[in-house]
Amino acid sequence: MKILLSAFAFSPLWGSEPGVGWCWAIEMAKAHEVTVLTHRYFENHMREMETAMGKLPFEVIYFDVKPIWHRSYERYLNSQLYALRWQWCARSFVKRILKTRRFDLIHHLTLGTIRYPSFLQKLGVPLVAGPLGGGERAPCGFYKGVPWRERLRELLRDGLIWSTAWDPMIHWTWGRTEVLLCRTRESLAALPWHVRERCRLMQEIGCPAALADEAVMPMPGADVPLRLLHVGRLLALKGMHLALPALADVTGRGVDWRLTLVGVGPMVGPLKAQASSLGIADRIDWVGSLPRDRVMALYGQHDAFLFPSLHDSGGTVVLESLSQGCPVLCVDLGGPPHFVDDTCGAVVPVRSGKPEPVVAGLAEVLCDWAQSRSALYALRQGALRRARELSWPNRVQGAYELIEAALRAR
Numbered sequence: 137m138k139i140l141l142s143a144f145a146f147s148p149l150w151g152s153e154p155g156v157g158w159c160w161a162i163e164m165a166k167a168h169e170v171t172v173l174t175h176r177y178f179e180n181h182m183r184e185m186e187t188a189m190g191k192l193p194f195e196v197i198y199f200d201v202k203p204i205w206h207r208s209y210e211r212y213l214n215s216q217l218y219a220l221r222w223q224w225c226a227r228s229f230v231k232r233i234l235k236t237r238r239f240d241l242i243h244h245l246t247l248g249t250i251r252y253p254s255f256l257q258k259l260g261v262p263l264v265a266g267p268l269g270g271g272e273r274a275p276c277g278f279y280k281g282v283p284w285r286e287r288l289r290e291l292l293r294d295g296l297i298w299s300t301a302w303d304p305m306i307h308w309t310w311g312r313t314e315v316l317l318c319r320t321r322e323s324l325a326a327l328p329w330h331v332r333e334r335c336r337l338m339q340e341i342g343c344p345a346a347l348a349d350e351a352v353m354p355m356p357g358a359d360v361p362l363r364l365l366h367v368g369r370l371l372a373l374k375g376m377h378l379a380l381p382a383l384a385d386v387t388g389r390g391v392d393w394r395l396t397l398v399g400v401g402p403m404v405g406p407l408k409a410q411a412s413s414l415g416i417a418d419r420i421d422w423v424g425s426l427p428r429d430r431v432m433a434l435y436g437q438h439d440a441f442l443f444p445s446l447h448d449s450g451g452t453v454v455l456e457s458l459s460q461g462c463p464v465l466c467v468d469l470g471g472p473p474h475f476v477d478d479t480c481g482a483v484v485p486v487r488s489g490k491p492e493p494v495v496a497g498l499a500e501v502l503c504d505w506a507q508s509r510s511a512l513y514a515l516r517q518g519a520l521r522r523a524r525e526l527s528w529p530n531r532v533q534g535a536y537e538l539i540e541a542a543l544r545a546r
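Following the numbering used here, the numbering of the sequence shown begins with 137 at its first residue and continues without gaps.
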């Protein structure tokens with residue numbers, strides 16, 4: 137197929153949404169003729185890759201929208217409202233392209249959120265969108281004890297998610313899109329009822345290339361502390377305020393552990409204060425920000441990855457961890473449970489709106505892993521196998537099998 141890929145955020149040099157756009161384009165180009173529409177800011181990134189690769193496997197078209205206040209582009213690229221304006225203006229730009237060129241499909245990829253849609257519907261070419269996230273929520277009780285600003289941020293976000301089903305713009309845009317891929321059931325359920333019949337479940341991200349089995353570190357002895365790692369911005373949504381009481385619990389049961397905490401954010405101060413009050417501050421190494429290559433090395437130096445996130449729709453760090461043979465402990469909220477099973481980690485269930493059962497569940501798993509290093513080592517091997525199942529080629533190929541089947545059925 138000839139595909140026009142709309143990717144506002146698109147870069148091989150950045151992670152998150154820009155990196156997702158790049159990885160999808162690379163894999164799509166193996167089976168299709170792909171043209172990428174992206175923001176002109178990323179033109180220098182493409183030139184750098186052309187120098188490294190010789191030639192890109194797809195064509196790139198750049199489209200620019202001047203910031204209203206003429207500030208730096210990097211600030212605006214992080215603005216969802218600016219991205220929405222870019223998407224609106226891109227409709228006229230794509231109309232002009234379609235007067236001279238033919239495409240079989242338009243695919244809106246980034247920004248991939250249900251609340252900020254594309255406007256490329258009804259241009260004479262089928263539009264598919266996603267995978268989309270942004271509809272994931274956590275019970276309000278899970279934010280007990282975090283600073284009021286973080287609680288207010290989550291409350292406002294919950295209100296925006298609730299309004300999605302009633303938003304006229306959402307009805308007009310996603311309601312006229314042929315196929316939507318949603319990352320989680322929560323995002324699907326947040327959409328208007330008449331849109332859901334066009335939705336399919338599919339995660340957006342794939343795994344980096346997994347290590348070979350023999351590259352996994354040998355099993356440590358039982359006398360070595362359980363080495364835990366967390367990577368991510370320190371926000372309330374990351375759930376580390378639930379992990380610290382669990383760690384205090386296992387300390388009381390005689391488990392020896394150390395936690396390496398990579399990241400910065402508004403929760404640094406509150407988390408340090410919480411760790412001190414729990415008496416576990418001396419067991420935590422606060423690393424701050426690190427470049428990606430150093431983070432990738434850290435996964436292999438730890439026994440498990442602790443990621444109690446409350447509403448991440450994806451979880452790039454989860455897949456990075458699996459690719460390095462590091463088992464993952466997460467909770468049954470958002471996207472991470474779509475990646476983690478009992479062969480490569482553990483998912484703590486969320487049975488009520490209260491955080492206490494989740495804290496107890498995290499502590500129980502950590503105790504089990506500390507007491508059975510052989511079982512933990514088996515999870516290391518399982519993490520590598522799971523990473524291969526979730527590879528980028530498998531992810532994009534699976535998505536297009538869903539897309540093509542859905543288009544044939546319409």
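Accuracy of the hints is not assured; some may be wrong.
The calculated DSS-like cross-link candidates involving lysine-lysine, where the alpha carbons are at most 25 Å apart (straight line), are [claimed, not checked]:
(1) Lys-166 - Lys-280
(2) Lys-138 - Lys-280
(3) Lys-280 - Lys-191
(4) Lys-191 - Lys-258
(5) Lys-231 - Lys-138
(6) Lys-280 - Lys-408
(7) Lys-231 - Lys-202
(8) Lys-138 - Lys-166
(9) Lys-138 - Lys-202
(10) Lys-202 - Lys-166
(11) Lys-258 - Lys-231
(12) Lys-191 - Lys-166
Hints were generated in silico from the structure; no laboratory data involved. Keep in mind that this is a model prediction, so the values were computed, not measured.
Here is how each hint holds up against the structure:
Pair hint Lys-166 plus Lys-280 does not hold up; C-alpha atoms about 48 Å apart against a cutoff of 25 Å. For the given pair, Lys-138 sits about 50 Å from Lys-280 by alpha-carbon distance, which is inconsistent with the 25 Å threshold. Simply put, Lys-280 and Lys-191 have alpha-carbon atoms about 52 Å apart, too far for the 25 Å limit, and the pair is violated. Only pairs whose Cα atoms come within 25 Å are accepted, and Lys-191 paired with Lys-258 is rejected, the gap being roughly 33 Å.
The straight-line distance between the Cα atoms of Lys-231 and Lys-138 is roughly 16 Å, inside the 25 Å bound, and the hint therefore holds. A C-alpha spacing of about 16 Å is found between Lys-280 and Lys-408, which places the hinted pair at or below 25 Å, so the restraint holds. For the suggested pair Lys-231 and Lys-202, the alpha carbons sit about 20 Å apart, so the restraint of at most 25 Å is met. Taken as a hint, the Lys-138 and Lys-166 pair is honoured in the structure, with Cα atoms around 12 Å apart against an allowance of 25 Å.
The straight-line distance between the Cα atoms of Lys-138 and Lys-202 is roughly 29 Å, outside the 25 Å bound, and the hint therefore fails. As the CA atoms of Lys-202 and Lys-166 are separated by approximately 34 Å, the hinted pair breaks the 25 Å bound. Proximity of Lys-258 to Lys-231 is assessed by CA-CA distance (about 10 Å); at most 25 Å being required, the pair is judged to hold. Note on Lys-191 and Lys-166: the hinted pairing holds, with a Cα-Cα distance of about 14 Å set against a maximum of 25 Å.
Checked against the numbered hints listed earlier, the structure breaks hints 1, 2, 3, 4, 9, 10; every other hint is satisfied.
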